[in-house]
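Now for the letters of each chain:
There are 2 protein chains.
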Amino acid sequence: MTLHPSPAHEAGSGAAHCQEGPTARPVEPGRGRRRGVGLGEVSLRPGFWQTRQAVNAAATLRHCYDWMDRLGWLENFDRVAEGRTGGPRPGWQFSDSEVYKLMEALAWEHGRSGDRAALALFEELTARIGRAQDEDGYLNSCFGHEGQPGRYTDLSLGHELYCTGYLLQAGVAALRVMGEVPLVGIARRAADQVCQAFGPGGIEGVCGHPEIEVALVEFGRATGQERYIDQARRFIDRRGHGLLTPPSLLGPSYFQDDLPIREADVWWGHAVRALYLAAGAVDVAVELGDDDLLAAVERQWDRTVERRTYLTGGMGSRHQDEGFGDDWELPPDRAYCETCAGVASVMVAWRLYLATGEVRYADLMERTFFNVLATSPSADGRAFFYANPLQQRVEGGPVGDGAVACDRVNSRAEGANRAPWFEVSCCPTNVARTLAAWQTYSASVEGEELALLQYTACQIRASLAGDLVFGLEVATGYPVDGRVVITVTEAPDRPVGLRLRVPSWARGASLTDGGEEARALAPGWAVVRRVFRAGDRLVLDLPVAPRLTWPDPRIDAVRGCLAVERGPVVLCAESVDLPAGVSLDEVLVDPAVPPADEGEGAVLAARVLPVPEAVAGALPYGSQAPSATRPAGSGQPFSLRLVPYHSWARRGLSAMRIFLPVAGEG
Amino acid sequence: MTLHPSPAHEAGSGAAHCQEGPTARPVEPGRGRRRGVGLGEVSLRPGFWQTRQAVNAAATLRHCYDWMDRLGWLENFDRVAEGRTGGPRPGWQFSDSEVYKLMEALAWEHGRSGDRAALALFEELTARIGRAQDEDGYLNSCFGHEGQPGRYTDLSLGHELYCTGYLLQAGVAALRVMGEVPLVGIARRAADQVCQAFGPGGIEGVCGHPEIEVALVEFGRATGQERYIDQARRFIDRRGHGLLTPPSLLGPSYFQDDLPIREADVWWGHAVRALYLAAGAVDVAVELGDDDLLAAVERQWDRTVERRTYLTGGMGSRHQDEGFGDDWELPPDRAYCETCAGVASVMVAWRLYLATGEVRYADLMERTFFNVLATSPSADGRAFFYANPLQQRVEGGPVGDGAVACDRVNSRAEGANRAPWFEVSCCPTNVARTLAAWQTYSASVEGEELALLQYTACQIRASLAGDLVFGLEVATGYPVDGRVVITVTEAPDRPVGLRLRVPSWARGASLTDGGEEARALAPGWAVVRRVFRAGDRLVLDLPVAPRLTWPDPRIDAVRGCLAVERGPVVLCAESVDLPAGVSLDEVLVDPAVPPADEGEGAVLAARVLPVPEAVAGALPYGSQAPSATRPAGSGQPFSLRLVPYHSWARRGLSAMRIFLPVAGEG
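Protein chains in written order, with my numbering: chain A, 90 to 755; chain W, 90 to 755.
It is worth saying that the hints were derived from the structure and are not from the lab.
Some hints could be false.
Among chain W residues calculated to face chain A with C-beta under 8 Å, some are [stated by the list, open to error]:
id: 1; residue: Pro349
id: 2; residue: Asp380
id: 3; residue: Asp416
id: 4; residue: Thr638
Glycine included, every Cβ here is placed at the ideal spot set by N, Cα and C.
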């Protein structure tokens, strides 16, 4: 096994606040066809993603810190440092991980923007957690100290290695952004302790929640130490053999411990666990040249996307076990689609894209970015969806629950309102760390070619092979507007490539290169290879007008329904937009009338669904076929407004649905 | 408040083995329009229910005992008696309740059949639990002793009062069947301890799992002590005011503690909890003449049946929280429909029927008996479904789980195979106690009238008002056959009434009274009032031929589908009956061809659903409407066999579905 020296070191430093320079980024495979761009190679300009990144920086990071401070999750580290363990400890056993995820987000944010406040918070947290580290490198506020359960006594549910994994990820971000700051040493000692405890001759175990695998590989890449990658491989290889202890009522499937990952054809069990494990497996496969393992994850991705993935890109069909369902089990109302599973799906797809260069991975990332990642946070960045269902029947959740109060922890991953924090609060910090480094997923470099994967207003100054620099300015109102104007700002004096992703949903896309006639583009890649000059202008036109989308007939839960998408954005109907007296349970749309384009959304021709006459106490099943009780064209017609799904519940509580019943479609 | 003397005492004793005589039965309201028949007033003859009752007696009762013995749930009582508490205790905190439910079943079984083995087991268990009772009457093997949490320190999840409730129910059965046997004294002391601890000046609390309410009322009825009913009223009144402590992550909705039962319009939260609470509320309302409370439960029943109940009568749409869903949230695949919720629904409907005499309650009981209660146990009575979904996509459950081994505890309420026992094993004993007394729900008496509610081969000798005796022999192959032949065996020498339930599903029923011409019957009641003579013969013809049933169009999850029912029995398709190469995910039925009647089931005209061509890694959503890709009449035709839902998975593992997609129905 050979570890490539980090490309960042070749590229040299550009931004003063970033140790590795502009190419610092979360994922740096030692092999694979492409590299992602660095934090400093792309700067977002006002637009969809810049708004979200700015809100993340200005509000979310501090919001997360404040909640963890308020709830005592930070003080848990002080308790260890001061020998005050044994009493009641606030937070779940995995609350340390939230602190580390916030630290990772702070590091990327500092790397991206040079923000001093983010740095100060990062340094404060470093000092605080550093004091809690044991002599031998073990660092956990819930296990292993006076009055606590012993180290690694509950690998099934203790989440110790999971927490350590996030610590390593924060260490990776710190090392790449700031160099050998104290957190890196803390992470190194923690990683060494894991290798010592779980390496050859150590515990033959795995962690109930994968994360250490992906983290160890990246830490190995960042530090150039192969032993961390070896340890990740051990964890990947051990899993699926029922080694997890103690046995949990949740059963081995929940933990993906019933089948080795190499043998599986699809993802199953707890969705975030399955996806984190897959991301780690891709990393191990790439570093070790293990093509079988890589092929296994590609196969699982295909089958899962084909049969277990929502229109939003969301994964996880069940609240129970936060899990994947069976093939075709994709209920819109009880879709779990955990925000973290969206983040995890991006982690997997990004790694597969870098390994293979295949466009479909970037396609799914776009879908997930716009319809899961963008859906979770509120506009002010201080409240979040944990689950992202595709239908909400009741305005405001279950009986008696009402709205989630804005200043209260939401104990459950339910409800029609974004909540400021959760008892299990994995999602806010996962959103934060992803948004802080969002642009690193927007483009990639392969040799002397730059690929644009995600379209948003930005400036790019990317290093191609051979120290060639390629600079672009991208101007676009995407996704509201489908026109993407790319102006070359800097280019080598020789031919280089510009590769543009044409999304899989785009029918009728076109590219105009300078004064040439527009050429039609099929979904996939459009590649321009020539000598570019500063001032050259390319215009990509993507057809974002609203379009009807139909589910596979095997998805029982949305049979006889359609959805409307607009560009990469899934639309939805919200009860706040309905005419008075019309219920979202009683809407029927007419697919013969094309949807009208309206702002970010659309308008559909709809009718009020005729429903059977109510008979007190009668079951909702009868001897009359719907077509008999609901003749074509019956029901009061009205115009149904659709808005982006990512913005639902921003105008107050509402019922919502993405899939809309259609007359005469079974 | 006046407690009526038990009608059983009026009627005098018939069966030697039954203290209260033939009229002993589980529910004896002090008010209300009708009384249920007693255990000894109806004897089942070979047929659908007699088979199940006999298997229950011969196999299930001992099966339950053996599992609880094997798992140490019985020994838990010995530990308390012998001062050996404090070490590990097998079973959940509510495992005592299973012992009591088995004791109740044993008491009814002994009362019904005079079975000595049941009595011996009952007496052994009485001795065993009696030794564990504390001086002051408190009896629980999990709380309140050396090394255990203190009494009533976890009302939310401790289940202490829930366990006591089942003890009282066993006490009721014992008292009515055997008189003042030792268990009655044990139950009396336990009930007194509850009144002392939770009565005026005591703990202002409720139990997280209702059951004590319904049990205290029945214990009050059986013993003639009003104070138990008063205590039940206190629990009913306290609930819904957030008194439950300590707060649980499950939230107050789960426990129905967020809204007083008088104020609710529908059931919500954990289904079994909601239904047990409702049963207790009806009992309190009936005993105290609280018409508002009774009306509240009737209203909730109506709305729940109209919008939150499955075609099978099953209740509970969510695995998460084992809970009711929102209105119209009735997914077939993820239907929880816990067996215990079916039992609980019968408890509520029976009490409402006795209070009001309305036929719709008996209608739902029939549906639930045939499609939930009869579905759970295996033919040999030694394995059970916990959840009763209406669709199973995969033969044998999730990846890696395979079949549930026949001799292993199933830790989860999942899977496509009946399991012998569960970690949380509430269902087997609930089935057992219900089957042991099944005939008491089959008929009722009001004044000089006998009502037949459930049809099965049986002999009836019922006491009407004024010591009149009415004897009938019912001969029928119902539900396979729709003809019910009723022969009078004994009748008073004056006019009495015979009331027959005509099920709500029956279109074209008729009644022939002796040599008269058959008269057509509408669903509801058919009443014959005249002087009957021994040998008189009435023939009720119920149209059990297979019929198509369509869901309300607001039930999203089964849009574009139909189901087939045959009499009271819901049918289903099982993958074992499909032609080779056809998947149950790809079946389309033709409603224009009437279903053919075949044995217990039916045969439908079906076609193989054309599905979109697979594209590796493509999402299952596209731009083509199903009607475009699936022209009417396309797909290979075949005959689809349907079998009774209650018998599914009896021929081995299978995929299964009740709702079948229909071409051209949205």
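Non-conforming hints, listed in increasing numerical order: 1 and 2
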